[in-house]
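S.K.: Following the hints, put chain B in place on chain A, whose structure we already have.
The primary structure of each chain is shown beneath.
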Amino acid sequence: MNSDEILAARAAAGDETALEELVRRFQDRVYRLAYRLTGDEEEAADVLQETFLAACRHLSSFRRESRFSTWLYRIAANAALMNRRTRTRRPTESLEPYLPAFDENGRHTATPSELQTVCRIEDLLDRKALAARAVEGIARLPESYRAPFVLRDLEEIPTAEVGEILGLKPATVRQRVHRARIMLRGHLNALVEVTP
Amino acid sequence: MTDLVCASGIDLLMDYLEGELSADQRTAIEAHLAGCPRCVAFVASYRETPAILRRATAAKLPADLSRSLLASVRAARRDPPPGRS
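So the sequences go chain by chain: A and B. Numbering (my numbering) for the first sequence: 789 to 984. Numbering (my numbering) for the second sequence: 1058 to 1142.
Heads up, some of the hints might be wrong.
Selected chain B positions facing chain A (in silico; Cβ < 8 Å) [stated by the list, open to error]:
#1 C1063
#2 R1111
#3 T1114
#4 L1127
#5 S1129
Pairs of lysine to aspartate or glutamate residues, derived as EDC-like cross-links and limited to a Cα-Cα distance of at most 16 Å, are as follows [what the hints assert, rightly or not]:
#6 B/K1117 / A/E829
#7 A/K957 / B/D1072
#8 A/K916 / A/D828
#9 B/K1117 / A/E831
Everything labelled a hint here was simulated from the structure, so no lab data went into it. Here the structure is a predicted model, which is why all the values come from computation and not from measurement. We put the CB at the ideal spot given by N, CA and C, even for glycine.
In isolation and in its complexed conformation, chain A is listed as follows (with noise of 0.2 Å):
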């Protein structure tokens, strides 16, 4: 099987197949990123059909010296971006008050049955309640936390190529991924808190 890189070569030579087959082999797990960073299946589709376009037009630009893919989720993640700046949104609340909670001598003040209630909710939460919440919970997260975050702990990608994709460094990607999955863990937990 041919490389991407060997595929986006060949399609921006006019090889209409490679191209597809391009299309084919992104196209799901773009759709899915753009759903993750924007929270709407109509939006998503709108990122999705925007990326390859761009891509498309751009072609003859990829430069071999990165994935094809690293390439591909950038124009993806500025789609995304973009795409939320032009869309009117009502102003998001916070998820600072889901940061945890620390006594004067800095230890957690809730018991770890409080604190460890989160990795039940798929039990105790229906399952649309629960991807209602997860995509409200992310699209709360500061907006220079969201790309970071859905990228390395959602998409799976290494924090390295993260950094790539969004010109970070991987020690600050990993500080915002780290400071959004402490607000997101605290934002599931308190739909399902145990109360005393």
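M.R.: Below, chain B alone, put in the same frame as chain A:
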């Protein structure tokens, strides 16, 4: 690193899980975890959060969208916008 508490340990968690900590920091965080069931519970939920969200947001590309995407790409290749090769 002798006075690690839950609050300062959390700041190191991502680097700890990704193997980016120095040996000293790693020893300190592991010593803290050995005696702190709250942090053990927190780490478990911190590790599980991405998997929960991944499953909850695994959108599938609708078949009609896949067909229209391919049609758009073909059309764009046939008729590139003016000024483009």
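S.K.: Confirm or reject each hint.
M.R.: Now the hints, each set against the structure:
Nearest Cβ of chain A to the Cβ of B/C1063: about 5 Å, under the 8 Å cut. The hint holds. Below 8 Å, beta-carbon pairs count as interface contacts, and B/R1111 has one with chain A at about 5 Å; its hint therefore holds. Interface hint status for B/T1114: upheld, as the beta-carbon distance to the closest one in chain A is roughly 5 Å, under 8 Å. Taking 8 Å as the C-beta contact cut-off toward chain A, the hint placing B/L1127 at the interface holds, the least distance being around 6 Å.
Because the smallest distance between the Cβ of B/S1129 and any Cβ of chain A comes to about 6 Å, under 8 Å, the interface hint for this residue holds. For a cut-off of 16 Å, the pair hint linking B/K1117 to A/E829 stands: about 10 Å separates their Cα positions. Pair hint A/K957 plus B/D1072 holds up; C-alpha atoms about 14 Å apart against a cutoff of 16 Å. With a C-alpha separation of about 15 Å, the suggested pairing of A/K916 with A/D828 holds against the 16 Å cut-off.
Annotation: proposed proximity of B/K1117 to A/E831 holds, straight-line Cα distance about 14 Å (limit 16 Å).
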